[in-house]
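Using the sequences and the hints given, assemble the complete structure.
As a plain string of letters, each chain reads:
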Amino acid sequence: MMTDLGKYADTVLAAYAVSIGLLLAIVIWSLWKGARVKRALEAQETRMGRRNG
Amino acid sequence: MSIWEYANPKKFMQTSSWALPWVAGLALIALVTGLVWGFFFTPEDYKQGSTVKIIYLHVPSAMMAINIWVMMLVTSLVWLIRRHHVSALAAKAAAPVGMVMTLIALVTGAIWGQPMWGTWWEWDPRLTSFLILFLFYLGYMALWEAIDNPDTAADLTGVLCLVGSVFAVLSRYAVNFWNQGLHQGATLSMDKEENISDVYWYPLLLCIAGFILLFVTLVLIRTRTEIRARRLKALEARERMA
Chain Y
8 MMTDLGKYAD TVLAAYAVSI GLLLAIVIWS LWKGARVKRA LEAQETRMGR RNG
Chain W
26 MSIWEYANPK KFMQTSSWAL PWVAGLALIA LVTGLVWGFF FTPEDYKQGS TVKIIYLHVP
86 SAMMAINIWV MMLVTSLVWL IRRHHVSALA AKAAAPVGMV MTLIALVTGA IWGQPMWGTW
146 WEWDPRLTSF LILFLFYLGY MALWEAIDNP DTAADLTGVL CLVGSVFAVL SRYAVNFWNQ
206 GLHQGATLSM DKEENISDVY WYPLLLCIAG FILLFVTLVL IRTRTEIRAR RLKALEARER
266 MA
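Line by line, the protein sequences give chains Y and W. Take the first sequence: its letters are residues 8 to 60, numbered as in the working numbering. Take the second sequence: its letters are residues 26 to 267, numbered as in the working numbering.
Keep in mind the hints are simulated off the structure, nothing from the lab. Hints should not be assumed to be uniformly reliable.
[Claimed, not checked] As a list, the in silico BS3-like pairs of lysine-lysine whose alpha-carbon atoms are at most 30 Å apart:
1) W:K72 - Y:K45
2) W:K35 - Y:K14
3) W:K35 - W:K258
4) W:K72 - Y:K40
5) Y:K45 - W:K258
6) W:K36 - Y:K14
7) Y:K40 - W:K258
Please read these numbers as outputs of a predicted model, since none were measured by experiment.
Written as structure tokens, this is what we have:
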């Protein structure tokens, strides 16, 4: 199902590739950072919970 | 019930945890439907050919670039006036998303401009004010990282946000202030009876909704991360003192 983009195919495909790439990058970065901080917080809370009995 | 209840980090975490899957799901549906509709099922424009399909990325991202800064301005003012931490963290969380939206608007504009205007870049009022807005986003993010004390960082970035608002407003209205630029008038305007043909308008509307919902999703995720990061820092400090 490839639409015919005519002589501007490279232009349109480049715009979509860059934009979707940047959107995916910010989504993946946000999820990755969120998961990393969540894990670190849980580990810290467990460590302090154990220490305080 | 007051909106200020959400200034409580615990309340914010509870509410955002419930809302996130819904907002993220709607964002995905709106974005995929809008982009697939616009890319595959809209005709070529008689002047621009298939490059008209770039509108589905360029217009929503440019709108978001300006409006995210406005959102940051409001949340920064809430911090500066009422000292609600969640509001300062929401502004911090929104900045990278705004930076990416500004970059998408600049890059898609340049890619479209090359075949249509015969140039990738022109020091046109709207393009230039968008570039300055992009630099403000970078400066805002750098300032947050450069200052250790989170309250001082929130104060200074709040002031930077106020200054940068001039360029956010300029980016929006530059095409009205100056007529000598290459950039055409606003694609969408409340003053006109019809902005663009319905065949482009409906998928564009869906893409705009998708970009807004994606922004809300990302801000919720990133604000939750900032709240957790601040709690982590507080616990580490408490452990060091013990």
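Here's how the hints hold up against the structure:
no. : hint           : verdict
1   : W:K72 - Y:K45  : violated (51 Å)
2   : W:K35 - Y:K14  : violated (55 Å)
3   : W:K35 - W:K258 : holds (17 Å)
4   : W:K72 - Y:K40  : violated (44 Å)
5   : Y:K45 - W:K258 : holds (12 Å)
6   : W:K36 - Y:K14  : violated (54 Å)
7   : Y:K40 - W:K258 : holds (15 Å)
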